[in-house]
Amino acid sequence: MDYFILLTVSGISIGVIYGLIGMGYALIFKATSVVNFAQGEVMMLISYMAFSIASSWSLPFWSLLGVCVVLSGVVGLLIERIFIRPMLGQDVFSTVMVTIGMAVMIRAVVVLIWGADPMVLPTDIGDSGVEFGMVFLYTAQIYAIGFLAVCVFGMWAFLRFSRMGVAMRATAARETTALLMGINVTRVYALAWAIAAVIAGVSGVLLGTIYGLGPDMWTQGLRAFPAVILGGLDSVFGAAISGILIGVLENLSEGYIGHGLKEISGFLVILVVLMIRPYGLFGTPEIERV
Amino acid sequence: MLNVNNVQIVYDNVIEAVRDASLTVDEGQIVTLLGSNGAGKSTILKGISGVLYPEEGDIIGGTITLDGENMIGRKPDEIVRSGVVLVPEGRQLFEPLTVEENLMMGGITRNRSAAAEALEYVFSVFPRVKEKRGMIAGYLSGGEQQMVAIGRALMSRPRLLMLDEPSLGLAPQIIAEIFEAVTDLSKQSNVSVLLVEQNAELALSIASYGYIIENGRVVMDGTPAKLMNNEDVKEFYLGFSESGNRRNMRDVKHYKRRKRWLS
Ligand SMILES: Nc1ncnc2c1ncn2[C@@H]1O[C@H](COP(=O)(O)OP(=O)(O)OP(=O)(O)O)[C@@H](O)[C@H]1O
Ligand SMILES: [Mg+2]
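Respectively, the protein sequence lines represent chains A and B. Numbered per the UniProt record's numbering, the first sequence spans residues 1 to 290. Numbered per the UniProt record's numbering, the second sequence spans residues 1 to 263.
Just so you know, these hints were derived from the structure itself, not from any lab. We treat Cβ as the ideally placed atom computed from N, Cα and C, and that holds for glycine. Check each hint, because a few of them may be wrong.
[What the hints assert, rightly or not] Label-pair distances were calculated between CB atoms; the ranges are:
| hint | chain 1 | residue 1 | chain 2 | residue 2 | range |
| --- | --- | --- | --- | --- | --- |
| 1 | A | Gly101 | B | Asp58 | 26 to 36 Å |
| 2 | A | Ala157 | B | Tyr139 | 16 to 26 Å |
| 3 | A | Val70 | B | Glu180 | 48 to 58 Å |
| 4 | B | Ala114 | A | Arg160 | 33 to 43 Å |
| 5 | A | Tyr256 | B | Tyr11 | 58 to 68 Å |
[Claimed, not checked] With the Cβ distance kept under 10 Å, some of the chain A side facing chain B (calculated, not the full set):
| hint | residue |
| --- | --- |
| 6 | Arg85 |
| 7 | Gly89 |
| 8 | Asp91 |
| 9 | Ser94 |
| 10 | Thr95 |
| 11 | Thr139 |
| 12 | Met155 |
| 13 | Ala157 |
| 14 | Arg160 |
| 15 | Arg163 |
| 16 | Arg169 |
| 17 | Ala170 |
| 18 | Thr171 |
| 19 | Ala172 |
| 20 | Ala173 |
| 21 | Leu179 |
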């Protein structure tokens with residue numbers, strides 16, 4: 001039983017990161033129909049930038065996080081402006097290829113600038129943590145759980161109550177009509193990229209604080225992918241919940257069944273789920289009146 | 001107010017959808033644009049609204065002006081702000097959004113308080129829409145959806161409302177209701193209307209002027225009385241032959257007449 005709880009809790013804490021990255025995927029897909037394969041790489045890029053900032057100035061954690069929020073927002077906007085906007089009007093597949101190219105480029109740039117050695121992200125919350133019974137959680141892990149909760153609630157409120165959020169849903173539903181109504185679709189797209197980058201950036205800082213930095217950090221993006229598929233590619237909240245599910249599942253399957261299953265268990269689950277619900281657990285099937 | 005002059009529109013650089021279209025809509029007037037499938041009606045409306053580019057469409061000739069000011073090349077949101085709005089063919093609601101959210105999006109170019117006022121205005125035009133405000137738009141009936149689509153456009157408080165086949169697929173009773181609302185709009189709120197219809201009889205009954213478009217060309221225009229007395233219009237759009245009987249539209253003669261128009 002203790003073993004089960006241990007596996008579950010550590011599963012949740014990594015699942016939260018999947019959930020966060022997955023929310024970024026889902027948000028961009030929902031608003032623009034593009035799967036951004038560079039989501040994990042953006043996360044990695046920001047966490048390395050955070051490393052440079054943290055080692056140059058010894059900022060308290062929250063200030064560091066604040067700087068990274070702004071920084072990642074700018075990175076998201078730049079990516080959209082430089083790489084994605086010129087692709088408007090091209091087919092979605094080409095744009096997806098661009099994001100794959102971007103991903104490879106970011107990986108290379110990170111290694112070029114910061115080297116390929118694993119590093120510690122020096123923050124003042126470092127190794128601190130809290131003991132819950134037999135489970136120990138790092139402060140950054142607790143923050144990550146809190147941040148996911150904030151993101152889920154924040155996105156929900158944004159999409160439901162703000163005009164820009166409703167405009168994002170409207171654009172996702174019918175782009176041409178959105179244009180007709182005078183919605184600034186370009187701005188909606190840019191905003192989706194910026195928000196997704198901010199979520200990725202904050203997750204990067206938290207992930208870096210917990211596990212350290214390394215040139216393979218981007219693989220977390222790949223690992224989070226089953227979460228979005230499971231949740232339904234266009235469901236931001238589905239991604240969050242499925243992220244946790246996948247995290248726990250990976251841990252349990254490795255703990256009880258065997259090593260090596262961790263990497264594939266997520267993908268196995270989506271195979272099965274997609275056969276039953278092709279639009280994912282929380283995705284929207286087309287609304288059709290008959 | 002709105003002047004469309006010798007406009008020529010192509011898709012994908014080659015497909016000529018509109019070859020030569022000219023029309024005028026004056027303040028408070030209801031003008032109808034009639035024509036059969038593929039004549040280029042929707043293309044003209046999209047051209048006025050500035051939304052041809054997502055479909056690789058382009059205006060390659062002619063002018064479109066509103067009160068003398070050029071409209072070609074303006075962004076869709078600027079065109080809405082200038083008071084021209086389109087209710088697209090097939091309603092095109094944001095299906096997953098609620099009725100009220102749909103309306104909100106129609107008022108996106110206006111500030112919050114103006115949008116709130118406009119919402120009350122739309123509810124007064126279509127009381128039925130108010131009843132359904134919390135519902136998911138995709139689940140409304142066709143008639144209700146059309147009301148929401150028109151209401152959504154009215155949220156921008158337009159001077160010129162363009163309607164693309166509002167009667168499409170609706171029962172006569174609902175059509176009557178909608179056309180009545182449109183007539184009231186032009187009479188009471190001084191909104192000009194550019195109405196595209198397949199149902200010529202209906203359109204001519206509320207319009208003060210009409211244009212007929214065939215294969216991308218405006219081939220005839222005039223008052224409803226003039227158009228309704230024209231033998232060709234009677235035959236092809238109102239469905240009567242010279243003797244007053246309904247005729248089979250696939251008649252050979254039909255084809256010949258149409259050819260004559262085009263030459
Ligand atoms: N996106 C597009 N790409 C290429 N050709 C198009 C496109 N949209 C319309 N066309 C062509 O342009 C012509 C005019 O089309 P349009 O939709 O304007 O006709 P319409 O008069 O509105 O017809 P309907 O009454 O059927 O709605 C048609 O020949 C059509 O095939
Ligand atoms: Mg049409």
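These are the hints, each one checked on the structure:
1. Gly101/A x Asp58/B: 26 to 36 Å: Check passed, 30 Å falls within 26 to 36 Å.
2. Ala157/A x Tyr139/B: 16 to 26 Å: Holds - the Cβ-Cβ distance for Ala157/A and Tyr139/B, about 24 Å, lies within 16 to 26 Å.
3. Val70/A x Glu180/B: 48 to 58 Å: About 55 Å separates the Cβ atoms of Val70/A and Glu180/B, which means 48 to 58 Å holds.
4. Ala114/B x Arg160/A: 33 to 43 Å: 22 Å, violated
5. Tyr256/A x Tyr11/B: 58 to 68 Å: Holds, since Tyr256/A and Tyr11/B (Cβ atoms, about 59 Å apart) stay within the stated range.
6. Arg85: 14 Å, violated
7. Gly89: 7 Å, holds
8. Asp91: 12 Å, violated
9. Ser94: 15 Å, violated
10. Thr95: 15 Å, violated
11. Thr139: 39 Å, violated
12. Met155: This interface hint is violated because 16 Å lies over the 10 Å limit.
13. Ala157: 14 Å, violated
14. Arg160: With a closest approach of 9 Å, the Arg160/A hint holds.
15. Arg163: Constraint on Arg163/A satisfied, holds at 7 Å.
16. Arg169: 6 Å, holds
17. Ala170: 4 Å, holds
18. Thr171: Nearest chain B Cβ about 9 Å off; hint holds.
19. Ala172: 8 Å, holds
20. Ala173: Holds. Min distance 4 Å.
21. Leu179: 5 Å, holds
When the structure is compared with the earlier hints, violations turn up for hints 4, 6, 8, 9, 10, 11, 12, 13 and for no others.
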